[in-house]
Amino acid sequence: MKHLNKKNGVIRNNLFILKIIFSTTPVYAISFILFGVISGFIQFINSVYFIRTITNQVQAKESLNKIVTTLIIFALMNVAYLILSNVCNFLMTPLAKIKLEKHVQVTLLHKAVSIGVSAFDDPNFYDAYILSMTSMDKKIYAVLETLSNLLKSIVTTVLTINLIFIIDPFCFILVIASMVISVFGGKKLNALLFKRKNEMLVYDRKMDYTDRLFYLSDYAKEIRMNDISGMLIDDYKKAVDDIRGIISKYSTPIVIFSHLEDMSTLFFDVLYVTSLVLRLVLKGLISVGDFVSMINSAWTLSNNVREIARLVNEFNDYSIYIDKFRTFSSITDENSGDKLLTENTGMLSFNNVWFHYPNETKDVLQGITLAIKPHEKIALVGYNGSGKSTLIKLLLRLYDPQRGVSKQMV
Amino acid sequence: MHEIKNTIYILKLVYLACPKRAVLSIIKDTLGSCRWAIYNVVFLRLLLNALSTKVDDQQIHILLGIFAVVFITLQIFFVYYKKVVVPATDPILTQNVSVMLYEKAAAMDLAAYEDPNFYEQYTRALSGARGNVVSTFGRVSILISMICSSLIIFFTTAVLDIGALLFVIIPIISTFTIGNVIKKMRYQSDMENLAEDRKIDYVKRVAYYKEYAIELRTHGIFDVLMRDYDTAVDKKISNTKKYGKKITLLSIVNNNLNYACLTFGVVLYMLVRIIVYHTIELGDFVVTVNSIAILANNLIGISMQIITFSENNQYIDNFRKFMERKPKVVSTGKRKFDRSNGLVFTFDNVSFSYDGRKKALQHVCFEIQANQKNAIVGYNGTGKTTLIKLLLRLYDPDEGRILLNGIDIKEYDLASYRSIFGVCFQDYKIFAAALSENILMHHYSEVDSKLVENALKFSGLDEFVERKDKVMTKEFQDDGLVLSEGQKQRLSIARAYAQNTPVLILDEPTSALDPIVENNLYQKIDEFCGDKTVIFITHHLGSCMSADRILYLADGEVAEDGTFEALINNKSYFYRLFSKQKWGYSDETPK
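Residue numbers (our numbering), protein chains in the order written: chain U, 1 to 410; chain Y, 1 to 591.
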């Protein structure tokens, strides 16, 4: 059994999953991505552009007919979008999810039952790469969802920034400056958060373990007949205390960086609003519609920039389990020959077979040589741990011997 | 109503687990969503009105100053909440919820684990319970904040223009009527899919769990499972299609109705007022249109929250069902066991069944005297282990009573009663703790060193005395101690012995042991357990020779009861089984 443990890049991992999604449900994948782009466009129209157009028309004393026509055009766009979004959310998505889950499940299930039993022996490997596949099917779709949402936020952001630039280049500079600072501060902050998360991983595992002890029926009797639950809860509380220690250790730098990030963007926001107010009120340089849409732009932008940061982070999270998924998929099976058995089974023979279990040094079987003729009834006897079951496992090719061969002669 | 009750339940739960978190969370969410409402309705309106009435610059500067201060203060509070309060209270919250659940789980009847419906439901409620409580509370908090900010906009707009608010009525009605139908359909669809999901989950368990790995590779059962799997997925697809179409249609109607009233209707109404009747200023026009847009967003948000809330609701239901489940095995008295009163157990006409139909035990009567060695024998499924479970009060008998020193065992305090027994279960489990702690079942301290040593020697694990501090299993340590099946069984014998209790119960303690080790064990029992009552279940009738008394169970009844010699001379059940075993299970017994 070989498994690759190479960490792949975040982008490559997510692309890998997107490829699977595109090949399983191509029509849906394309529609959903397009839907993200359209959603971004509509979000921009509704929260920024609509009020600007209408207000400016009112201020310019346009005729009611003309304004109502504009209103109807916007309304038709929204109605079409609402139909599209409902079909997408309530009909296409649930069906695509099931199909996608099925595709992933079937691939994984077949892989799981085809890999050698030895892969189940190493508990760390088993937990990390086999048991974690149980919830993998639900996580695949999330990659597409995040991508679509990301596109939505990017489209809204780009259109909004564009509008700000058209209305007022000075505000545009403020917005860009605030975004640069926020991205820079965010990077530092994320690095700290990532470090903290890593330190807490061990304790998360401890908690999961305690959960299992209390929730699985396997342990129920022992827990009722002994005082072990007291000890387990004590250990659990100790793990929580350690987590709190880690959190308070990181607390100060994280708060400082968060404040720096937020305050700097807030500073620019205040400047932005002030500059607008001054230009509007004192100089009458911009129209009321432009003013209000600029104010709306500010919060649409701040929401979407925050959303983009969050979504990009999600890709990082996905990458961790996509790595597991890829590792699991790339476990290579023991060599299998292509010779087929005929009905007439021949003699089975072990020729100087040596075997030890993976990750253990003790040889369970040491130079076994034996032959089993057709129709023979054989009893295997011996003390505990002398290798009786192991021999059977080798015979069934649940494991392969390290040295020697077991063969079937026809 | 049910949802409201559940919501209050979760609020109370989080409040009790961590009051600071509960209060600050709601304040934060409310301030957060009211921030833009106030910004828009109050600030913009003041500003635009100031513009039309041409007030002096100073007032506008003051206004800007006030808003800058308010926003910066809010921002500081938000960072404090997100980066200080949440990380500091998350562990407290999860710890309190977890410990509450653990204690409840440990106090629950063993029978609950054996009821597949309940077990399934409750493992679903509990797996990820920590995260679920926090996320459900988060949603409740956001919902509350949305309602608050909607109310603010509602009333501030009402001051401006009552007429515009009339447009809110239809969307509210449609959200509660059509929205409710959608919610019910989603629930129905989820319920129908649930049965299929169970089948799918089962196939997944079989493929990924270690226990099944060997069977799957040696037999063709996987293909059978995959066929069921395919049918389950197909059913899910047709279900989803069936409900999906209806839900989509209803939702389109609902959303468009909302849009038509809230956005289209309000803007049209305001346009007429400003252009045709000139009854409002441009500033008020802008503010009203903008406020209604926020209100529309909020209403859509609230209805989405309410729709997804049914998911949470189901989770809270399961959670509550679990927390509110009362154990059936409870004590009627607070009596404590006192060794000086003797140690005589009496089964008085005891009957028991697991499922209410097939009797596992029927009218069992016998007595167990102090310090005797008792063997319980019989074929598989004759009630041997059940008898032990009743004795340990893991279950209570349906009929009859079990007495200790003449007093019903239900009258003893449960914990104190169970502390009479040291038990080696058939399906013993190893915990990810030190070897010594696996034997003691509590934290190790120096005073226990002799006891651990004796226990290891008793079970024939002498070679592990030096390694008693090693952590077992590879759960947390790559070099963790892993024992063979035989060694694990001996460890569980050591565990039972180390409990230092007046009664020692061994349920097939030698099933994984070879005959030499088995023999040694029974010698050790003779040697070291003179002052203990020992009850063991065995299939190796030879080991009964050392017992003072043998109970032979057949079909849930005590078929024979007596010493080894007596039963041999009786030439009945025990004699027949014993002879068969002795002569290699052939039907003919040599004369």
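Quick caveat, the hints were computed from the structure, so don't treat them as lab data. Treat the hints with care, as some may be off.
Cross-link-like lysine-lysine pairs, in silico, DSS-like; alpha carbons within 30 Å at most [what the hints assert, rightly or not]: (1) U:LYS102 with Y:LYS199; (2) Y:LYS28 with U:LYS102; (3) Y:LYS524 with Y:LYS488; (4) Y:LYS474 with U:LYS188; (5) Y:LYS245 with U:LYS99; (6) Y:LYS474 with Y:LYS429; (7) Y:LYS429 with U:LYS99; (8) U:LYS138 with Y:LYS246; (9) Y:LYS235 with U:LYS102; (10) Y:LYS28 with U:LYS249; (11) U:LYS388 with Y:LYS470; (12) Y:LYS470 with Y:LYS524; (13) U:LYS111 with Y:LYS210; (14) Y:LYS183 with U:LYS97; (15) Y:LYS199 with U:LYS97; (16) Y:LYS474 with U:LYS139; (17) Y:LYS429 with U:LYS237; (18) U:LYS97 with Y:LYS580; (19) Y:LYS474 with U:LYS195; (20) Y:LYS82 with U:LYS237; (21) Y:LYS104 with U:LYS324; (22) Y:LYS242 with U:LYS237; (23) Y:LYS199 with U:LYS111; (24) Y:LYS450 with Y:LYS470; (25) Y:LYS241 with Y:LYS184; (26) Y:LYS20 with U:LYS237; (27) Y:LYS241 with U:LYS97; (28) U:LYS138 with Y:LYS245.
Beta-carbon label-pair distances, calculated as ranges [unchecked claim]: (29) U:TYR357 with Y:GLN305: 49 to 59 Å; (30) U:VAL106 with Y:LEU151: 45 to 55 Å; (31) U:SER63 with Y:PHE154: 25 to 35 Å; (32) U:GLY245 with Y:GLU114: 52 to 62 Å; (33) Y:PRO19 with U:SER23: 30 to 40 Å; (34) Y:GLN305 with U:VAL106: 39 to 49 Å.
Among the chain U residues that face chain Y by a calculated CB cut under 7 Å, a handful are [said to hold, decoys possible]: (35) THR55; (36) LYS66; (37) THR69; (38) ILE73; (39) LEU95; (40) VAL113.
If you're wondering where the values come from, they're calculated on a predicted model, not measured in any experiment. Note that CB positions come from ideal geometry on N, CA and C, so glycine has one too.
Which numbered hints does this structure break? Violated: hints 2, 4, 7, 18, 21, 22, 32, 33, 34, 36, 37 and 38.
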